[in-house]
Structures are given as structure tokens and as C-alpha cells.
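Residue numbers (this note's numbering), protein chains in the order written: chain A, 1 to 112; chain B, 1001 to 1110.
Treat the hints with care, since some could be wrong.
Derived CB-CB ranges, DEER-like [as the list claims (entries may be wrong)]:
(1) Asn1021/B / Thr20/A: 30 to 40 Å
(2) Met27/A / Thr1013/B: 38 to 48 Å
(3) Gln105/A / Leu1051/B: 27 to 37 Å
(4) Asp38/A / Ser1065/B: 29 to 39 Å
(5) Phe1045/B / Glu59/A: 35 to 45 Å
(6) Val1050/B / Asp56/A: 21 to 31 Å
(7) Asn30/A / Lys1057/B: 21 to 31 Å
(8) Ile54/A / Ala1016/B: 31 to 41 Å
(9) Thr1011/B / Gly16/A: 42 to 52 Å
(10) Asn1003/B / Pro39/A: 15 to 25 Å
Since the hints were made in silico from the structure, they are not lab data.
Source: prediction; values computed, not measured.
Note that the Cβ used here is the ideal one computed from N, Cα and C, for glycine as well.
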Amino acid sequence: NAGVTQTPKFRILKIGQSMTLQCAQDMNHNYMYWYRQDPGMGLKLIYYSVGAGITDKGEVPNGYNVSRSTTEDFPLRLELAAPSQTSVYFCASLKGVGGEAFFGQGTRLTVV
Amino acid sequence: GQNIDQPTEMTATEGAIVQINCTYQTSGFNGLFWYQQHAGEAPTFLSYNVLDGLEEKGRFSSFLSRSKGYSYLLLKELQMKDSASYLCAVRDGGGNKLVFGAGTILRVKS
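With the sequences and hints as input, model every part of the structure.
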């Protein structure tokens, strides 16, 4: 099993550009999460999903969008990139109540 | 909403014992996690508590008191490789949101 796979690993965007961060898991997990982590800080929840077709906002959703058309995939969309979105983005998944959350390796995004 | 507090930084000596505290206020509660994160890497799972009491796993133990909204992570026989950030995370009452504290940077010195 691959676990949680994030692509790309690194990306540089210009202000105003858009991009999609991909996240896929092969563990049949219902719950998936997107976090951002600024230097020296903890993880801030952007969006989460409890199953295909269901998404909800986390702590810092502004400037982002998500979709969950399948159990496996949970892409994160940035429509108009801003320097404030420079961060490391982590995707995580877990099966249900009581399970541990598995993390992808992260996407390091720089907006210039 | 959820509020999770941890100390920002701690320093301890190799071979010693260190306790990292976490206090939380949540709308309902469905478990508390501890994760370890080395610089530039993804978080890795250490422990999970949903009932009151102590969970022990090798050199690491985690304690939970739901009535006090309090947990701690205990690291014994500290090693240099334990220098990392330690993240406390709480699942809300619905079991949907998983929210993290800001993390505690632990520095182990020789």
C-alpha cells in the first residue's frame, strides 16, 4: 500500500496563478483532511471531508476550495495565489473513530 | 470551537525524562492524539487516548483526563533523536474535525 500520496512535492507559483494540490489514499479511509503549516507553527485545518461528496470548512478555508468525488481523492484548489499562501501543505486520512491519521509527505508551495 | 494549548519550547538532557502538557477545550471530545514531527518531515503518529488513564508504548507514554481537558506525553530515557516538535491533536465530539495545537519544540542536549 502506498498510504497517502501528495503531488507535487514542490511548486513555485506567481501571484494570481491557480493550481491544484493532489492527495490520494489507498486505504479506503472515509475521513480526509488538508492542513497548512507555516514555518515554526502547528498545523492549521483548511478543509476536511467525511466521505465522498461531503466536505466542510476548517479553521482557515479562505482562498481554497476542495472536492471529494471519490473515496480515494481529495484535491485542494488555490484559485488566485497570494504570498500569504506560501506554506507547507499536508493531506491526512483516517478510517474512522479511533484510528490514527496518516499523513502525506507534504507539498512545499511558494508564491512570489 | 476548539482551543488547544501546549508549551512553545522545552529543553531537556539526554537520558532524562520530560513531560509535555496539552490542555484543550472542545465542543465534545472523541479522542486525543500525539504526533512527532522532525524538521522538514511529515508528522508521525505516537499515541491515541480516548479514555482516561495512561497508555504506554516503549519509551513514550500518554495520559488523558477528560474531566480536566488535559493530556501529557511522557518521554523517558531521552535520546538526541527525540529532538523534534510534538503535536497534540483533538477530534471533536462528532468525530469529524481533527484539530492540532501549535506544537512543542523539544531540544535534547548532551
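Hint check, failures only: 5, 8
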